[in-house]
Every structure is written in structure tokens, then in C-alpha cells.
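> Each chain, letter by letter, is given below.
2 protein chains.
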Amino acid sequence: MAVENQKALENRNITIYDIAREAGVSAATVSRVLTNNANVRPEKKEKVQALIKKYNFKPNALARGLSDTKSKVLGIIAADVRNSYYAEVVVACEVAAREAGYTVLLCNSLGETEREKRQLETLYEQRVGAMIQLGGRVDDLVSDTEYVELVNQMTNNIPMVVSGKLDGTLCYQVQIDAMKAMDLLMEHLIDLGHRQIAMVGGGMDVLSTYEKLQRYKQILKNYHLDFHEEYVIEGGYDYQTGYRGMNALFECEKMPTAVVAINDYAAVGVMHSIYEHGKRIPEDFSVVSYDNTQLTRLMMPRLTSIDYRYEFYGRKLVETAIAASEGGEMPRIQLVTPRLVVRESTAPVAEV
Amino acid sequence: MAVENQKALENRNITIYDIAREAGVSAATVSRVLTNNANVRPEKKEKVQALIKKYNFKPNALARGLSDTKSKVLGIIAADVRNSYYAEVVVACEVAAREAGYTVLLCNSLGETEREKRQLETLYEQRVGAMIQLGGRVDDLVSDTEYVELVNQMTNNIPMVVSGKLDGTLCYQVQIDAMKAMDLLMEHLIDLGHRQIAMVGGGMDVLSTYEKLQRYKQILKNYHLDFHEEYVIEGGYDYQTGYRGMNALFECEKMPTAVVAINDYAAVGVMHSIYEHGKRIPEDFSVVSYDNTQLTRLMMPRLTSIDYRYEFYGRKLVETAIAASEGGEMPRIQLVTPRLVVRESTAPVAEV
DNA sequence: GTGAAAGCGCTAACAA
DNA sequence: TTGTTAGCGCTTTCAC
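Heads up: the protein sequence lines correspond to chains A and B, in order.
Here the first sequence is numbered in the numbering used here, starting from 1 and rising by one per residue.
Here the second sequence is numbered in the numbering used here, starting from 1 and rising by one per residue.
Hints are computed from structural coordinates only; laboratory data are not their basis.
Don't take every hint at face value.
Which copy is meant is left open, because identical chains are indistinguishable; a pair holds if it fits in one copy or across any two.
[Stated by the list, open to error] Listed below are the simulated BS3-like cross-link pairs for lysine-lysine, each with C-alpha atoms no more than 30 Å apart in a straight line:
hint : residue 1 : residue 2
1    : Lys-165   : Lys-316
2    : Lys-44    : Lys-117
3    : Lys-279   : Lys-254
4    : Lys-53    : Lys-70
Treat the numbers as computed from the prediction; the structure is a model and nothing was measured.
Go ahead and model the full structure; you've got the sequences and the hints to work with.
In C-alpha cells, the structure reads:
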């Protein structure tokens, strides 16, 4: 049995040298047909390609990455893909990455800063072409100093794109326009006649939430509506926050007629509280949320929500990351404009 | 300015040679302190470590992987992390992997076989230590021949762990015990007095679904209950399937009193159909589901569901993958025993 | 158009 | 305990 056949049988350690030998060319030539960025005489090219196919030869990406060329891997740190919002963005990024011939290395930071740091280092060690961070420290209103320093260490070699911001670093920012999002929501509710609008969930240490609150106040002012301290219920981004928040609103002297939930999970909590109080949506209360995840379509009634155009958003994140990785020029800050998706959870305010 | 300082400033291209030179030792010694698997004189060790810290040196994982050692990267192909089930498993795998010092390379096959194949090849090119496939072709009752052949090409070099099966390959199988899961659900319902039990959603081309149906029939037989053809509604694994399926059940001459939904998404559809028909859960119908994702806790009432012990499941998948990668012995087939989580969507059958 | 040769950054025999 | 050396598999000058 020929040596070549043996190797094929084992499918083991086939390298460009094996291909080169059998094709009667040099390894360099095989490399040329692999990368397809230099001329090779057609007949040789075909011969090489035939052998590649014959042996199911797959070039070693590690070796490729080791030599000069930038590795075609994108590292993504997401807060937690179990949250549908991140799942949407991550999948959108992956699809866009693959279209561009890139692979994705994914990490979930799970809300733990230490984990986040280790992941940053791991991705660096993998010498990914660029990193994308979704959520976590880049959501902070006040950037974590230690984290900033760590990022600055990496960022000389590996560009980083963040879904929020990181003050004191040169990260590329691709953000959702949180103010615009609040505008859309508030205008929709005000158009429907709502004047008592509550805002439930979210922490003021989170940039986008902070911006939303600021915008919320501004819009009230613009419409000459009073700001009620008790209509703003801070908290987390989960069901419980929404549920407890709405329960609290039921204690208000004058109840709101509409509720803006900080995300879909919180909105579900709000809805349940409303139902438990024997009220209806949207007849008694209008409920809106941010994120437009699958949850909005699984609730009864289906939720009016702010959509982030995930496909577009993911594409923009990835485009920026790849451009940065390949040395292209990209704006430091880009804004993605959200849109409103109106469903059945909002209706004109009930006549009093 | 010393050369060393320049490099530090740029944080560029620092290698073990830079560290070695400044520490006055050889690269091999630096490597030894890095891998920590050979004795190095304490004073040298400290000196090297100090420099590593000083320059924030991070070894190049690509180069590491290129030399003999197996790469500490696990490739995961999941069907779609936007489905909470996969999100749970993926996160569990990632946590387990990281504990073992491994990184995860994630791909979403999105139900497209072509994409799945390309991802398999990409992971192979990355020379991951092992691959884990969750959903997709490994769920098929009848394994796809082309896919099997592709997997067999890789599997000589890179072991593969699958959440289902792939006939004609040497993949390690770590499966949920689907039969046991059905047992738990049926026994629970039968204990509650239900005798008319429907099964909504799922395709018979999917192994686990097929097994569930077989078990369903067997259990009916064991309890001397009649099998009604019209109580089994095949379909997909989504909301619509559940919704339409339940609508169809409302057309039955004799309606079931309990419904087993193939997953949580289908269960939500079932619930909505029930509500739209003016019926209640669990008073009029008991509803149970598989997967125990976050949805079960977001519904009203909260859903009784089969839990797969994700943390355990992920750990087992990863353990198997790592063991296989490192040449350890592992059983070809392992079963994970699911458990039943009883919530408010099930109740004793109403008196007739 | 093509081959020889150097090098990417690390690990691991093999000596010493 | 340590340094020297030889790869790992690829890409890319640099000659020819």
C-alpha cells in the first residue's frame, strides 16, 4: 500500500507537503492554490485541487494564523445567550461573520467581571482578529478602571468593538440609539392619549438605561406633563423586577395608564401583576417594552416593543470588527436606529 | 529607550524570546514556567513570572496548538441558541469547559444542513480538540449519509460528541433519556386521573420524538388505555404547531383532558389556543411540556415540564469531549436521566 | 510561474 | 535544572 493511501486511510496529518509531493510541485505552490492569491499554471492547479479533494485535505487554521496573516476568527463576549436579546445579536453576528469567511469564538460572561476578564485574555491568547463585546462592563455608565486598563493592553494589537462604551479606551462603539428608542415609545403612548406613563426596571448604573430615563424626563417636559417620582421603578432586567414594580405601581394614589418596561422579561412580570389585579391589557393598561425578542410574540396579548433590527445590528458590529482587524478605517461611534413594532398590548387610553 | 521598553509600550509581538532574553534564560525555560510541567529553579521562575506580568505577556495559543499539544478548544455546533433549550445547554457546556481550562468555539447551524457541514469543516480546520454537536443532523431518526461520510472523515483525528446519534460513525453519544422523560410525564398525568392524553408537536423524523411517541403508546397499553389516533398531532417545535394543534384537538369528538407538548414553545401555543376557547389551565386542561426553559416560568400558570438538568448535561458532554480529546476511555453511549418539575399547569382531572 | 528557504511562537526531545 | 535543537503546517519573500 502506497504511503499516500495509508495516510488517506488514516486521514491523519495530511499537510500541504503530502499534497505537494504527490502533485510533483512545491509546498509553496499548493499554498498558492489554497489562498488563491498568486498565479499558478492551470494544469498544476487542477492537479492540486484534485488531490485536495481526494484526501479531503483541510489546511490547518492554526498554522495559517501563526504565519503573518491575521486570523479569521472573531471573538465575541456576550453577557448571557440565555437572554434572548443576546441570543439574537450573537446569531446575527455569527451569520454576518460567516458570510465574510470568519469564524466566531463565543464567551458568556454571565455577569461576572472576573469571568469577563479571563475571557478577554483567552480571546487575546487565541489571537482573534477582533473582539466584540456585548453587554457586561461595556454597559456601565461609569467604566470600571481595572477593566479599562486590561482592554487597553489588548487593544494595541486586537481591535475591539463594543455594544456600549468604555471610557478611556479606543474601542469602536456600535450602539443602539437609546434616546431614539424612548422617543418612539413615548410618542406612541402619548399619541394614544396616555399621560400617566410609568417606567419599570433597569439600573441607573447602566448607560442605556440612564439615557432612557433622561430622555423620558425630557419628553415629559416637552409635552408639559408632570414627572412623578413614583412612576420610575428601578431594578433589574428580569421578570421579578417587572412583577414587583407593577405591584408597587398599584399602590400609587393616581395610577399610570401605561407602562414602559425596560425589556421583555420585565414586561412579562408587569403583565402578570396586572392580570393578578384583575385588570386587562390593553383595555386597562398599555404595556410596551424594549428588545422585541421572541417573548413579545409569545405573550397574550402580543407586546408592542422596540426592535433593534438584529440582522442589521449584527452585521454592523461584524463589519466594524473585520474592518478594524484588517486595518480599514471605521468611525469610532456608530448608532443603530431602532424601530417600533406595534402589537396588541397598546391601545388608546380608556375614557375616565 | 531600551528595546524592551519599546516593545512594552507597543505591547506588540512580545514572545517568550523577549521574556527569555531579559530574564537571561532560554525560551525553553520560559515555556517551562508557562506550562508549569517541569522544574525550574525558583529564582528564575520568579524572575520570569515578574517579566510576564510586567509586559502583560500572553502566550500565543495558535503557536501552542501548532506544536504537539492538543489545542484546548472545544468546537460546539448548536442548532440555534435563540431557542432557549440550546442556549441552556451551550452555556452549561461553556461553563464546564472553562472550568477545565478549555475555550469554546460556537457555531449555529440554523437548521441548514449545508451550513452545518461547512461548520464541521471550519471546526476541523481550527483543529479543535473535540467537537460537540447539539441538534441538527444528529437528531435525525435516519442519519444523513453524506453527513455521516463527512463526519467519518474528521472523526479519525477529532473526536465528536453528539446529543443524539449518527449511525455509521464512532461519535460519542450523550443523550437525554427520552423514554424516561415520557414515563415521568405520563405517570404524573395518569396519577392525576387523566385518561385522555394528547401529544402535540414534533416530527417523527426526529429520533427523540419518535422514541417519545413509541413510549407514549406503550404506556397507554400498560395502563389499558385506548390509543386515539387523533390525539397525536405531529408538526414542528414552535408556537404555531402548539396553537394549531390544540385548535385541532378542540374539534375532536371526545376531547383530551391533558396535553403533552413537545417543547415549551409548543406548550405556549397550546395554552393560547385553550384560552381563546375560553377554557382554563389547569382546571379544564392540564398542560405539560419538555425542556423546562425559562418560558415555563414566564407563563401563567407556570408550566409543569421535564427538566434536563442542564448543568449536569453540559458537564457530561464536555467531560466526554475532553476525555476523548485527551485519549481517555469513555463509554460510547451515555444517558442523562431527566426529572419532572411540577408547577401549576397540571391538576387532577375535573369530575365529569 | 515556481521552488527554496525563512519565519510565525511555541513545546518537547535530547543533551549536557 | 537548563539550553540547544528540531519541528508543528502554513505563508511569503526572494531568486530564478
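> Let me make sure I understand: some of the numbered hints might not hold for this structure. Which ones are they, in numerical order?
none
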